[in-house]
Every structure is written in structure tokens, then in C-alpha cells.
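Let chain A serve as the given structure and place chain B on it in line with the hints.
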Amino acid sequence: MEHAQVVTFWLSFLLYAAGFVYLLYFLITKRETQNRIGLGCVITGWLLQTTTLALRWAQAGHVPVVGAYESITTLTWAVVAVYLVLEWRTRIKALGLYVMPAVLVLLAVAWTAYSPPAVLRPALKSDIVVIHVIVIFTAVAAYVVAGGAALIYLIEERELKRRKIGPVLGRLPSLRTLDQLVNHAVMFGLPFLSMGIVAGIIRAETFGVGHWWTDAVVLLAVLAWAIYAGLLYLRHASGWRGRRSAWLALAGLVCLLAIRLVAVPYLSNFHVWGR
Amino acid sequence: MHLVVVGISHKTAALELRERLALSSEEAARFGRALLDDQGVAETVVLSTCNRTEIYLFADDTLAAERLAVGRLAERGGVDAAALRAAAYSHSGDAAIAHLFRVASSLDSMVVGEAQILAQLKDAYQAACGEGCTSTVFNKLFRHALEVGKRVRTETAIGERPVSISSVAVDLARQVLGKLDRRSVLVLGAGEMSELTVRHLQAQGVGRVVVANRTLETAEELARRCEGQAVCLDELGEQLEQADIVISSTSSPGFILDRPRMETVMRRRRHEPVFLIDIAVPRDIDPEVIHIDECYLYDIDDLQGVVDVNRGEREREAAHAERIVDQELARMNEWLAGLEVVPTIALLRSSVDGIREAELQRLGARLDGLTPEQRAQVEQLTSSIVNKILHLPTVRMKELAAEKDAYVYVDALRRLFDLDGATPAAACDLEGDWREAAGERAVAERRLAPEPEPPACAPAEAAASAGTRGVSGESDEVVAGAPDDALRQPAAGPDRRAS
Chain A
1 MEHAQVVTFW LSFLLYAAGF VYLLYFLITK RETQNRIGLG CVITGWLLQT
51 TTLALRWAQA GHVPVVGAYE SITTLTWAVV AVYLVLEWRT RIKALGLYVM
101 PAVLVLLAVA WTAYSPPAVL RPALKSDIVV IHVIVIFTAV AAYVVAGGAA
151 LIYLIEEREL KRRKIGPVLG RLPSLRTLDQ LVNHAVMFGL PFLSMGIVAG
201 IIRAETFGVG HWWTDAVVLL AVLAWAIYAG LLYLRHASGW RGRRSAWLAL
251 AGLVCLLAIR LVAVPYLSNF HVWGR
Chain B
1 MHLVVVGISH KTAALELRER LALSSEEAAR FGRALLDDQG VAETVVLSTC
51 NRTEIYLFAD DTLAAERLAV GRLAERGGVD AAALRAAAYS HSGDAAIAHL
101 FRVASSLDSM VVGEAQILAQ LKDAYQAACG EGCTSTVFNK LFRHALEVGK
151 RVRTETAIGE RPVSISSVAV DLARQVLGKL DRRSVLVLGA GEMSELTVRH
201 LQAQGVGRVV VANRTLETAE ELARRCEGQA VCLDELGEQL EQADIVISST
251 SSPGFILDRP RMETVMRRRR HEPVFLIDIA VPRDIDPEVI HIDECYLYDI
301 DDLQGVVDVN RGEREREAAH AERIVDQELA RMNEWLAGLE VVPTIALLRS
351 SVDGIREAEL QRLGARLDGL TPEQRAQVEQ LTSSIVNKIL HLPTVRMKEL
401 AAEKDAYVYV DALRRLFDLD GATPAAACDL EGDWREAAGE RAVAERRLAP
451 EPEPPACAPA EAAASAGTRG VSGESDEVVA GAPDDALRQP AAGPDRRAS
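Those sequence lines, one after another, are chains A and B. When the count follows the working numbering, it moves up by one through the first sequence with no breaks and lands on 275 for the last residue. When the count follows the working numbering, it moves up by one through the second sequence with no breaks and lands on 499 for the last residue.
In case anyone wonders, no lab produced these hints; they're calculated from the structure. Just so you know, even glycine gets a beta-carbon here, dropped at the ideal spot from N, CA and C. It is possible that part of the hints are untrue.
Which residues of chain A face chain B? A partial, calculated answer using Cβ under 8 angstroms [said to hold, decoys possible]:
no., residue
1, Leu24
2, Gly166
3, Thr206
4, Gly242
5, Arg244
If you want the footprint, here are the derived chain B segments under chain A, 3+ residues with CB under 8 angstroms [stated by the list, open to error]:
no., stretch
6, 193-206
7, 269-281
8, 304-310
Simulated restraints on C-beta separations [to be verified]:
no., chain 1, residue 1, chain 2, residue 2, range
9, B, Arg331, A, Val6, 48 to 56 angstroms
10, A, Tyr25, B, Arg143, 56 to 64 angstroms
11, A, Val254, B, Arg143, 55 to 63 angstroms
12, A, Arg162, B, Asp326, 35 to 43 angstroms
If we strip away everything but chain B, and leave its shape as in the complex, we get:
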């Protein structure tokens, strides 16, 4: 019995293919269930997100199981099996475990360090467990994988700094203004990135959102989407006095906000700090504004600079994360190599002893006629039989403990003698602290609140609507699948092939 994983991801397959093969966690679990008992597949977990669909299998004949899984998946998605095989990767044994750990640690994600994959993996595992698709090995493996993901998130800074323009902007706003609840945002003009930034801000608890545009209708549209208020650009003056954060992306060829005007605004605001984001090209806000006290102005280049710095940091942290994955891989192998042997033997003994005791109880009355010595002899006889029977298997198990596939025997023993006892449903309950696994660090200070990323699968709408906007800053966010991946080029071509 061996472990194998086969699947496609953003690294090997284009969006169209991934779309066809995406499954919800219930569908994925049912799909996995259908694979069981075919071609000797004993355990399965199917992980499906918009960036990957992977099938983990524990089977006798891994090649056959792989072929089966790929075939069924192709059928399910209505794609050509050969095309799927060409775009799929597969790993077995150690490599499969390493792959799972890397996925859980977000090292294989489109945006390294993203927070969602861990929760998605947990859902996939729980759904599979609920459908009865997992047993000893996968229960241990996937729980360990979730632990690894959690460990990487807490011990490295891999997910700490934001790597998209809008989340960098929000992070900087927090650096200046502190907690963002009850702050007001003023949006000038409209655009994809402004909207995205507003959403991030709202996730941080921002209060009022006001949208100002030359045409009231456009303002109202965006305001409606963001649950804000729409005003005409004439009211700019008063709105500026109220706004703690200003996002500007109009198509105006000149400055909407120049230094003298901003100075007046600051005086009227009694120098309450203001955070200004200028994502328009040409710029809407006079760069001289940065020299005004309590004014903080960032244009698209500045934000991009921060994104680059943060990306670099993520990459460094990724190296650290890889080391953690290697360590955990070794631990996992140790377990697989038979740390479970000893408890299994103990369980076996106690199970068989239980049978012996039960039988002696059953005879109960009929043994009363015996003398104490005879009783003792009966006890001894039954004990001795039990010991002799178990002797050889015990010795063999201990010898096998040193070998790599001891878990096969351990698993067999557990099943044959029904040593586990616990029902699958109970085994599937993961503790409540898995909230943390989704990327929240358990620290009081708000500086480490989770990055407010929109779901990695903000789908084709983002692609479609931002297509022809004149403002170059906007179109950067348009990448099919994950807004956060805006400026990272996806790896070209499949880098792993089905073995």
C-alpha cells in the first residue's frame, strides 16, 4: 500500500482547465468516495480549490489508482483524459507527503504565504473523513499536514506582509492611523483598485465610505456596491474635511488636490492625520502634499515598491518554511516507520486478553467445580496459549518497525483486529483552535491582524470589467483567478509530470 497524489494546479494548468475540474468540498468528498475500493484504493482525500485540484490516494497499485483517478476526473470535468494527463503532476511516497506539507504551508500557492489554503485543506479533509474515505494513515497524515501549515504560519513571517497594492495601501493606512474603525474613506473617481481597497478597508472596520465622481450616477453605482454614499465632485471641499483616508483614481489630466487646498483642509481638520492614496495616472494629487504635516501620500509607484520589498521578504521566509517542511517530513516518516507499532501491539494484546477474560467469565459457573489449583492451571493455560499465539507476530512487528512500510502492517493489524474502535465521525472532529490555522496569529496587537485578502477566487468578473479602463494602475489587478497575484508571472508550463 502506497501513498500517491495526482492533480493539476495553477503551475501546470490554465484557468479554463482548472475551472472545469473545480469541486466543492462535498462534491470532492463524494468523488473520493466513489474511488474507494476500486483498484485497491483504501483511502482518499480530494482537495479542490480554484487554483488546484488534487487527489490523494492510499492504494495497492499506485499506477492503476492514478490512472483511475485521472480518468474519472476527466470524465467528471468533461475534458479529454489525455489532455488532463498531460497537465497533471503526480508524486508518490515521500514526495507526496512533502507535496502535501508544502501545499498546507502555502508554499505551492499562487501567492506564497496566503492564508486560505489551510482552511481549504481542512475542509477537504473533514469532508473526506465524514464520507468515511480516511482511516489510520490519512487521518494521521492530514492532521499532521494541518499542524505543519499552522507551524509555518506561526514560526515564519511568510504570510505577514501584504503583497498586493490594495492590501499594502490598507496596511500603510493602519501604520499611520492605527485602528481603522470609525474612520471615513473618500473615494474620488472610481475603479477596480479603488473598490478593492475600499473592501479591504471595510474588512478592517472602516466606517463611512463616500464616493465622489464628476457624474453622480457612476458615484452612486460604486457607492451602492460598497454600501456608501455618493456625492458630486463639487462637494469635494467639505468631504475632504471629514475624510481620514482618501483614494483617488479619476481620469483627470491635472491635479484635483493641490498643496494649498490640502493645507486649508488640514487646518480645518485641526491636523488630524490624513492618509492619501493616489492610484491615478496622471496623478490626481500634487506630490508636494507629502510635505504637509500629518499628510501621508502614496502613489502607485510607492505602493509597488512596498509590494516588491514584501515579496522579497516572503521569499526569504519561504526558505525558512521549506526547512520546517523538511523537518516535519522526517517526523512524519518516523511515525510511518512504526512508532505506532508499540501501541498497536499493546492494543492487540489487550484486545486478545479481553477475549480470554470474556471466555473465562462465560464459563464461570462450570469452573466452580474445580479446585483452586485447577482453576489456576486453567488461567495459566489460557494465558500461555494467548502468549504463544501473539509471540511471533509481536516479534515480527518489532522487527518491521525499522522498515519504511511498517505502517502497512500496522494498518492491516488494526483493521483485521478492529483495534481502532473509534467511529469515523468522532475521528473527524478537529479542535476549535483550527481558526488559527486560517492565518490569524494569536497575538493581541492589531498589527498582526490577518491580511484582508478577498477570496483567492474572485472570478472572471475582475478580469472582464477592468479590461479597458484607461488608468494603467487599474489593469494591474487583472489576473484570472487571484487578484493578489497581480504582478507575479505564473510559472510557465508544467514543472512536474505524471510519473
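Just chain A, same shape as in the assembly:
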């Protein structure tokens, strides 16, 4: 089972990479077939990744969110799912260009952190923890997309301000579309992030975790929440749109990534799931 898992993991990675290449190719040549092939690769890769996670779940006996390998893989799975849904709804071509590189990098990181399934600490075997993890992942998936769009927005805006208009620029969505995407993604993710933080707090309280409010993970999560909430507020109240909201979206994403990459492995006392 482990063997099969490794195979599906790498197959899905390769398919994602192929999909990304085709989408890049589509951006340059604008031939519709490349877009379809690229999307096809990503969808197939996603199905394979679902298989990987299912296998891991069966192997570990619990939802695959324990440890860096599992959680990052599940996260990327959620991100690709969100991306596919957004691609279908908004019809923005080559949305994958913003999302796939992040996914590929995260998958590579997940691989380096590969470890056999750990036994879940009894403290974490509860429904509310499962809810907490699921909603947080959904929120992060939405924020990865927001961050990706924000990044492209900033690059495009800089090129437009510099007034050097290459042929590639014309193939990117308009600044307004990207700005709206950032806005929608942030709005979409905020309730999930809020629920996730609240669920986590409830769990910490009921489990009697002391000083949970000083934990790095919690602090970063609340900071990210404040950034995103602030983004939306400033947008409505002071007209902070475009460049400023893009930077805020990126800042929020950095916080969230810091949770996974810095706080959980090194700084947190209780926010660890295995060992």
C-alpha cells in the first residue's frame, strides 16, 4: 500500500507539472487545445492525488492530516480542488498558472518531510479537531488562490505602469478581474478561517490547554485573520483596492504559510499531531 501510494503521489506530481507546462504553453500560443490538455492533466493528477490520500488514510487509520507530509499533501489537494472549481465558475483562462507552481513547490516540500503514518495522540481524536482541520484547510486553499492572483496582479500592474507591454501581458486577465478574484477568494476564506480558529479555541479550552493564546500557531492564525479582515474593511471603508489589497493578501498568505512551515515544526508546543 505504501508502494502504491508513492507511485500515485509521484504520478500526480508529474501530471501537475505537465499541466502547468501546458498552461504556460497556452499562455504563449493561445491555442485552445493546450489549455484543455493542461486542465486534463491537472484533473487527472488531482484524481490520483485523491487516491494517494485515500491510501494514506487507509494505511494510517486516520484522516491524513498528521505530520508535515500528510497535511501539506491534503492542503495541496484542497487547493487544486478550489482552483478547479474557480476555473469552472469564473472561466478565467490559465488560472492554474498562479496556483500550480505553489502546489508543485508544496508537494516537493511534503515529499522531503515524508514519514510513515504516526499514531494520533488521543487528545486529537475528536470531531471538533476534524472540523477544525477541514475548515482551516479550505480557508488556506482559498488564500493560496488569492495570494496567487495577488502576485500576478502585482506583476502585471508593475509592467503596465512601466509601460513595457509585451505580447504575454495581453494574455493575462485584466487587473480588475484579478482584483475581484482576490476579493472573492478572501471573502470566501474568511468565514472558514474564523470557524477554524474558533473550533481550535473551543478544543483548546475543553482540553484544558494552558496559555493557548501564546502559541505561535494561534498567534499567526489570528494575525492572518486580522490581515484578511482588515483587507476587506479597508477596501470598503477607504477604497484600499488593487495594489494595496494585493499586498495584504500576500501578507496574509505568508502568515498562513509560516504556520505550516515555521510555527508547527519549531515554535508550537501543543499544535503538533504526531511524534
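Frame of chain A, contents of chain B only:
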């Protein structure tokens, strides 16, 4: 029977000559009709736009047909035939087919990659077909040409990027603001290029147009033409707050819009993005404005830079398009070489067999007196006669299939035995998806909406009225015939001569 094309285009003849010889598609079809049956002309299509008038002929004696066509055209246009001959080009056979394909792909156009030629070609062909000027060969040839044009448009990016200042400006506006419907435009001052840009914007669905000028009358004039509103320059402040796109081309020697003022405007607009086009010289808008968040400012040099980049891209795509044309030329030749031989033979056989059956039916009653063996023998006899008669022609046709002018025989056979059956009118209906051939790409994303070019023949008005404007940016758009050709120098002198 051979294919030949003779005509004039922007490459070989000046506007005055082209003007005289321009025909509407109905007139062109009638002109073509009149050419039929003279000098053995069997099929003809006449294509006439403001940039070219070409006559395609399928005739026995191509030289005579050419001379006839040129003579009649000269007569029609009231020009000297010798002068016309000097300015005309002609191609025959393969070269004619290649020329047609290149024309359909917009490779021979004044602005390579333009979208209209395909629709114009389709109209010309349909009109000719309606007048009964086309038959097997031209029906196949022109439909194929339209397919080639369509293929070039979808497989290359040849028509994708705009190459005129005003359409580049509109394209950039869309890049920043997304869909332009319900956006407002503010025009400061007035001028040819501003008006052109406003029209392009309106083609993209822009909502409000407001024109501001120092003198209300001038503003009102332009506003009337653009179906907008006119205001005095004093109202500039409030109008700026409403405007998503600002086009400025006043003759003011200093800045009308400086950075502090724009910053106030942005604050009041709550930083809704603004796209500013400054085509005035000296500039109306302080270049520092570009550093304000959500402000995008382009002056005439910037726009020209983009035009140059896009032109370069079109040229690269043109090379790709030429390769497609070569491929299609080979395919066309294959067809001409007799892929139609086999179906024609089949049709011939079935047609003759039909006659045989019909005759046997007719005898019907009189055959009843025969015994079954005798009936069988009669059947066999008639079959055998038919086969023997058709044997030699069939073998010969198959041999000829390998030769280049097999289509001549195929065509002859089809006519002599009336194998086509379909009436010309039915053959002339082209499917509805030819909308796409006019340059629209069938993709959902608005980024690929067709370039909003005004008709390539925005005529002499453009030339006349922009003549003496002081703003140098304006006069660039003045080129007789095609506003989009603004900065491309027409090829000097005829580059092909009548052979």
C-alpha cells in the same frame, strides 16, 4: 481551361485609381456575369474592396480573358486601359491560387491580419455564385480559400494584437479595467484620434461619453457625433471623478491635470482605477500621475511603442501564416489533380445505370412475354453495353487523375452528363459559422474579442478634416483609405506585373 487572376491593389495602384474601380458586391457580380462566355470564360468571381479590385477567371485562353477583363474594367471605371494594365498584376495557375489564399488570410492586406477581408471575400463569392458565375472549380476553390482564411485566423495570432494607436489604447484600457460596459469616458479637447478612440470604446460597450472643451460649441460638436454630453472645462473637477477613462488632446501649452489634482480626484473616487490617454503635444497630463496608485497613464510615445511591438508580432505570425497557405496550396492542388475523379466516375456510372434501369422499366410490359432466362439475358446485355461504353473513359480518367489538369476533364464530364444536379442557388448557401471567419475567435474570454477596427475604408473625410490640426499626434492617423495603416508606408510601386 486555366485559372487566372488579374487586378489592382493598394500595392500597385494609388487611391484615385482604386476609387474609380471599386464596385459593390452586387455590381461586381454583375460585372463578372457579363464576362462569362466571352473569350471562353467559364467561371468568374470579382472581389472589390477599397484596397483592391481583382477578377478571378477560369477560362480557355487566359491571356485573352485577361485582356478582356482589363478592358472592360477600364471602361467601367472610366480609366485608360493602358494605364490600368500598367498598374495591374496577374497570376495564373498555382500562383493564382496562392494569391487567393494569401488575400483570404489577410497577408496581402494593407494591414496584415485585418479581419474584414474574409467577410468581403465571402460576400464577393456568394454574390458571384448567386449570379451563376461559379461552377465546380470556383465553388471548391473559394470555399477552400475561406477555410484557409479561417484557419490562419484561428491558428496564428496574426490578427490578435491591435496595430493602431487608438485600438492599442482601447486594448490597454481593457487590460486595466476589464469589461468596458458601463464605464464613462471623458474627452478633453477634441481631435481625430480622440474621436476614433471614443468610437472604438463605444464599440466595446462603453457607457457615458462626456466631452469637455474650452469652447462649448466645439465640445458640443464632438459630443453630438459621439452621442455624448458636452461640458465646459470649468466642470473638469466633477467630471474627472466620474470618468474611468480620460482622453486628453487639448492644445494647452501646459498641464491641465497635475499630480496633486489627480490625487484629490483619486481620493474622491475611492481609488477606482482610472485609465488616462494623453495624446496631446505638449502633454496635457503631468507624467508624475503614473506614480499614483490605480492611475494608468499613456502618452503617444508609449502607445506607439506598443504598436511597434504588436506589428513585430504580426510579422512573425505572418511567417507562420505563409506556411499554412503553402500547406493548403498543396492540398488544393491535390484536389485539383483529381481526388474528384473517383466520385465523378461513380456518379457517371450511377447516372448511366439509372438510364439503363429506366429504359428497362419503360419496356416493362413488353418484356413480360419473355422467359426468365431471356429476361436475364436482356439484363446482362444492357449491363454489358453500359460497362463497355464506360470502360475506356473510366480507365482514362483514372490515368489522368495523376495529372495536374485532370480537373478540366472532371469538370467537362460533370457538365456533359449533368452530374452535379444541385442548382447554383443551393450551392451558394454558406453555413452560418462564417461569422467566425470575420475575425471573431470562438473563445469565451473577452480578451480575445475582435479588434474594434473601423471599416478599412473610412474614406477621404479622415484625410480632409485632420489635415491642419496643430497637434502632431492627430495627423498620424491620416492616410488615405485605412486609418489602421497610419504608420506603415505603402509598398512603393507595383511589385507584380501583368504577365
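Evaluated hints:
A distance limit of 8 angstroms between C-beta atoms decides the matter here; for leucine 24 of chain A the minimum to chain B is near 16 angstroms, and the interface restraint is violated. Satisfaction of the interface hint for glycine 166 of chain A is found here, the shortest Cβ-Cβ separation to chain B being roughly 7 angstroms, below the 8 angstroms cut-off. Violation of the interface hint for threonine 206 of chain A is found here, the shortest Cβ-Cβ separation to chain B being roughly 45 angstroms, above the 8 angstroms cut-off. At a threshold of 8 angstroms, the smallest CB-CB gap from glycine 242 of chain A to chain B is about 5 angstroms, leaving the interface hint in force.
Hint status for arginine 244 of chain A relative to chain B: holds, with the closest Cβ pair at about 7 angstroms, below 8 angstroms. Coverage of a stretch by a chain is defined here by at least three residues with a beta carbon nearer than 8 angstroms to that chain's beta carbons; for the stretch 193-206 of chain B and chain A the count is 0, and the condition is violated. Restraint check on the stretch 269-281 of chain B versus chain A: 5 residues with Cβ-Cβ distances below 8 angstroms, three needed, restraint holds. Counting residues of the stretch 304-310 of chain B whose beta carbon lies closer than 8 angstroms to any beta carbon of chain A gives 4, which meets the minimum of three for the stated coverage.
Our hint of 48 to 56 angstroms for arginine 331 of chain B and valine 6 of chain A holds, since their Cβ atoms are close to 49 angstroms apart. In this structure the hint that tyrosine 25 of chain A and arginine 143 of chain B lie 56 to 64 angstroms apart at CB is violated, the actual value being about 32 angstroms. Valine 254 of chain A and arginine 143 of chain B have their C-beta atoms about 59 angstroms apart, which keeps the hinted 55 to 63 angstroms range intact. Remark: the range hint 35 to 43 angstroms for arginine 162 of chain A to aspartate 326 of chain B is upheld by a beta-carbon distance near 39 angstroms.
Hint check: violations occur at hints 1, 3, 6, 10; the rest are consistent with the structure.
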